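Visitor: Listed below are the residues making up each chain.
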Amino acid sequence: MTLPMGKPLRLVFGETITALAASDPRIVVLDGDLGSSTQAKLFEDAYPERFFQMGIAEQNMLGVAAGMAKVGLVPFISTFVAFALHRPLDQIRVLIAQTGANVKITAGYTGLFTGKAGKTHQIVDDISIARAMPGMVVISPADEVETKAVLTWSVEYDGPVFIRLVRDVTQTLFEPGHKFQFGKVKVVREGGDITLISTGTQTPRVVDAADILAADGVEAHVVHVSTIKPLDVAGIVAAAERTGRVVTIEEHTVIGGLGGAVAETLSEHRPTRVDRIGIQDHYTESATDQELLDMYCLSAERVAQRVRKLLASEGPVTSCA
Amino acid sequence: MTADVAGGATAEEIARLEDMARRIRVAVIRTVAQCKVGHVGGPLSAADILAALYGRILRIRPGEPGWPERDRFILSKGHSALGQYAAMALAGYFDPEEMFTFNQKGSRLQGHPDMNKLPGIDISTGSLGMGLSAGLGMALGARYLGQGFLTWVLLGDGECQEGQVWEAAHVAPRYGLDNLIAIVDHNKFQQFGWRGDSATHRLPPEDPGDLVARFRAFGWRVLEMAGNDMLEVVRVLEEAAQPTGRPTAVIANTLKGYGVSYMAGNYQWHMGVPTEEEFAIAMAELGESDGGDA
Numbered sequence: 001m002t003l004p005m006g007k008p009l010r011l012v013f014g015e016t017i018t019a020l021a022a023s024d025p026r027i028v029v030l031d032g033d034l035g036s037s038t039q040a041k042l043f044e045d046a047y048p049e050r051f052f053q054m055g056i057a058e059q060n061m062l063g064v065a066a067g068m069a070k071v072g073l074v075p076f077i078s079t080f081v082a083f084a085l086h087r088p089l090d091q092i093r094v095l096i097a098q099t100g101a102n103v104k105i106t107a108g109y110t111g112l113f114t115g116k117a118g119k120t121h122q123i124v125d126d127i128s129i130a131r132a133m134p135g136m137v138v139i140s141p142a143d144e145v146e147t148k149a150v151l152t153w154s155v156e157y158d159g160p161v162f163i164r165l166v167r168d169v170t171q172t173l174f175e176p177g178h179k180f181q182f183g184k185v186k187v188v189r190e191g192g193d194i195t196l197i198s199t200g201t202q203t204p205r206v207v208d209a210a211d212i213l214a215a216d217g218v219e220a221h222v223v224h225v226s227t228i229k230p231l232d233v234a235g236i237v238a239a240a241e242r243t244g245r246v247v248t249i250e251e252h253t254v255i256g257g258l259g260g261a262v263a264e265t266l267s268e269h270r271p272t273r274v275d276r277i278g279i280q281d282h283y284t285e286s287a288t289d290q291e292l293l294d295m296y297c298l299s300a301e302r303v304a305q306r307v308r309k310l311l312a313s314e315g316p317v318t319s320c321a
Numbered sequence: 322m323t324a325d326v327a328g329g330a331t332a333e334e335i336a337r338l339e340d341m342a343r344r345i346r347v348a349v350i351r352t353v354a355q356c357k358v359g360h361v362g363g364p365l366s367a368a369d370i371l372a373a374l375y376g377r378i379l380r381i382r383p384g385e386p387g388w389p390e391r392d393r394f395i396l397s398k399g400h401s402a403l404g405q406y407a408a409m410a411l412a413g414y415f416d417p418e419e420m421f422t423f424n425q426k427g428s429r430l431q432g433h434p435d436m437n438k439l440p441g442i443d444i445s446t447g448s449l450g451m452g453l454s455a456g457l458g459m460a461l462g463a464r465y466l467g468q469g470f471l472t473w474v475l476l477g478d479g480e481c482q483e484g485q486v487w488e489a490a491h492v493a494p495r496y497g498l499d500n501l502i503a504i505v506d507h508n509k510f511q512q513f514g515w516r517g518d519s520a521t522h523r524l525p526p527e528d529p530g531d532l533v534a535r536f537r538a539f540g541w542r543v544l545e546m547a548g549n550d551m552l553e554v555v556r557v558l559e560e561a562a563q564p565t566g567r568p569t570a571v572i573a574n575t576l577k578g579y580g581v582s583y584m585a586g587n588y589q590w591h592m593g594v595p596t597e598e599e600f601a602i603a604m605a606e607l608g609e610s611d612g613g614d615a
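Line by line, the protein sequences give chains A and B. Residue numbers are given in our numbering: position 6 of the first sequence equals residue 6, and the series is strictly consecutive. Offset between the second sequence (1-based) and our numbering: plus 321.
In isolation and in its complexed conformation, chain B is listed as follows (with noise of 0.2 angstroms):
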């Protein structure tokens, strides 16, 4: 018998889902390498949310996607939309090879998350400011219809900017959504940002603390966690999962381009196709045995 680590996560589950991370994170460059576009730096930091959400939290059944009582995930930073396919490839929702087809004609796997083309995807998005809206709905819904499943929203730290983030963020307490979870992917960068000292030194889209701040403020409770550090994350999503009679916003300090060192902390990997060489140095810091083959 093997002691619980976080949760009710063995040392072996959190391993698992490590290796789950890591291989979104390849997925994502590879499929980016391979399709010439793409957004890289923020599926790369949001990578161990999504690895432990697909592969642990979410209550959900891949074969059956539309299963009525299934939790429901909103991308709503949309543009991280690989890194919520890779995690659905490695969850068993399709074929890893789909991933090919990102962009492309036809393709289910749209530039944005497409709801029509893809099941699995609770609602389409890739306007930043409108998921954790679409999820109150779900949650109110939830509430409404006595169903017991949980609305999980994954959100950017850029978009917080957006105003309706917080329009939604004034509702939600009055209803006491204790079914509706927040994540922030707090990776400190957006597109291109305020300038600091130099064109490539930008600010953060918050200042540290802010986004603990202001969601307490609007009657949330707020949670915490190192975002690029399973263990912790599976430790405190399972917490947000336990009802308290308020909504729950969990703020993840991660860092943009995470598990690539080139890439890390490094605006300018917001969007970006890595050339051969970079590819190869990707896949052998990821741990990959066939750098040069994209």
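The shape of chain A in the complex, shown without the other chains (with noise of 0.2 angstroms):
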């Protein structure tokens, strides 16, 4: 069985801060000038004078969102990633994380799925680069249902968080009503024959993946990892020992990301054998979504074969097919 598709999250992204909005007057959105593309329009739409355009200048709106985080705001950024973390990497660095100022990096079109935009617009190093970085909360929601939840939760808590969001429409995995637990990995799947353990809008598809192998006779542990800072290294442990073998498997680079959290997590508290699929260390390139999935080994045809692979197998397995 396939699991159904939902919403963009960029769509629930706009809905549901217009939907805060209405009880909380702290809400505001600063635009890098693409509200037309992340939804905020919604937002402006609703509320005109709580929308701050400011153009296309990002450093500076990274600086103006510390600024009215400490008088008492809270504000939400309208960009893609590449112009939400990477661009305006020290002003983040310096004025939001270091000073734990209230700013939420709603950070859009992560991952692959950009328009066909290409290398400059495909961001798969933000887990990476946002984790690392004191004070930073770093959260990759999984469906439109979690992203509303996590959206919810984000303007109760006092701090920076970054949240991934993406493009394009993505899989439901969660029921309406689902709790996101800040700080804890979710259970998604028993088995106990190996571990997956995935992030963002890759879990729906490492379910379907461990659909896949169950064919075959193969029964997946998969453990989505919504919270990716700070991580929950019980949740990590329990889920390595449920079978004593682990595959992450991530829409990011493998360097540092997802896999690097759960391998670091590990090699200090079980030592557990670890694969990463994920992108590997060179640029992404323009096709349609359903081609990146394929090319990057991230469909869910391509994780269960690779995890096949990987069960036959003693060593690494880098091939994708």
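Hints listed in this document are in silico derivations from the structure and should not be mistaken for laboratory results. This one's a predicted model, so the numbers in the text were calculated from it and none came from an experiment. Ideal placement from N, C-alpha and C gives every residue a C-beta, glycine not left out. Do not rely on the hints blindly, as some may be mistaken.
One-sided excerpt, in silico: chain A residues whose CB lies under 10 angstroms from chain B [claimed, not checked]: (1) F52; (2) G63; (3) M68; (4) D90; (5) V94; (6) T99; (7) A234.
With beta-carbon atoms standing in for the labels, derived distance ranges [unchecked claim]: (8) B:G530 / A:E264: 52 to 60 angstroms; (9) A:L311 / B:Q512: 55 to 63 angstroms; (10) A:L311 / B:P440: 38 to 46 angstroms; (11) A:E49 / B:D528: 37 to 45 angstroms; (12) A:H282 / B:R380: 37 to 45 angstroms.
Both chains are sitting in their own frames, so use the hints and assemble them into the complex.
Guide: Take a look at the structure:
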């Protein structure tokens, strides 16, 4: 069975912050001239006086957000991840993360799905960068249900939060009413043969991959990590202990992201073999979403194929097909 | 009754602020001499501005640094932290003796201002080009929240080479933020800069008049002042605080290292530690009697 498609997370972003703003006058939005893409335009329509267009100037935008937070507002950032994290990185470090400014860096267009925009817009190292920054919380929700829950939670959390959003329609994993638990992993499928750990909108594809593997008699234990930082160490250790063998899967570089975090944690707390499926050390390119998932070994079929190979192999498997 | 000489300030008030500026300079040089590290030239060029702000212009309560209605002040040229610390100490935020902990392990007085450690710092700085953006956020926030405080940002002229300054300069007039005032300490030097006629002759970060023209082109109200002349500093900063529907940039023409003859106009005193002899000269020139005792 394949999980059904849901709303694009960017639409969930626009709808949710607009709904939250009704009861919380502290919420404002800063846009880097991409509100029509990020769907922050929904917020502008509802609250034009709380929507601050900052133009195509993101270093300033993140600095403005810090200043607004320091006088008591809760600013949300509306732009693509390349311009929400990478370009204004030093501004985030000095003005937001170090000072604990209550800014929500809602980073649009993470991962491969950028409407064929190619390497400049396909950011696949944001987890590595954001999680290395002291004071930063990093969350990668799985689907529309969890995105809504994470955004709602983030308003009550006093401090900087980096939230990964996705452009295109993604599969729905959770039932309405699913509770987001900050700092806790979520077991989304029980199994005893191999542990698959995933994050963000890759998790539904891993759940589908687990179904494919089950047809071959392999029962995967699937764990979803929405809070990448702070990482749920006990949850990761328990997931590893369940099967004794771990594969991480992420629509992100294998360097320093979820796979890196899991490997670091297990090597210290419970040494376990960890194989990392993700994007290798190179730049990605323009293609359709499905082509990209196949190219980078992230579609359900490819993940299942790769896991089967890993189970049959003593060493690492780097080829996708 | 004494006649006002600048804004609402009397001659006595100006003399008091001049002495505060002098004491800022003394404190900066004493601290650098004792701690054996620190920026000197920038705090000295900005001492009169800092004295005017902390001694008169800013609506602050040093005993209640988190007072929500306080004016905000951001030292965007964060490497002049010693000047800000001295002004804050003299204004009553903390005991001036704490100056001597500067830069040392466990000190609240970090090499660059840290709002997590020192109450009264409105935002951490130290990476150039960022302060005006943070100030813009505070000013926008004040407008949205209906609060009447002003936000003052002190920048360096070399700092204005950072593109982010002009990103902020572009946005502020769009929102008509007349509760935001940028002061540029135009002391004509940066740390190293472009070579002039020789290795020790360095060209200024900006040609004279360029900063005025640039801020004006971006839609700001621009005021100029002799930034080491207290009478003029007070007059112009009080004018800057008056709302006109636009943000205000004050270009303060200053001299780097002002107040000490051998430091003034010498780029090599951007950072530096005076020898005993140099220290004595500096103290004497600044009117301190205990010349040789750092």
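Visitor: Tell me the numbers of any earlier hints that the structure contravenes, in ascending order.
Guide: Of the numbered hints, 7, 10, 12 do not hold.
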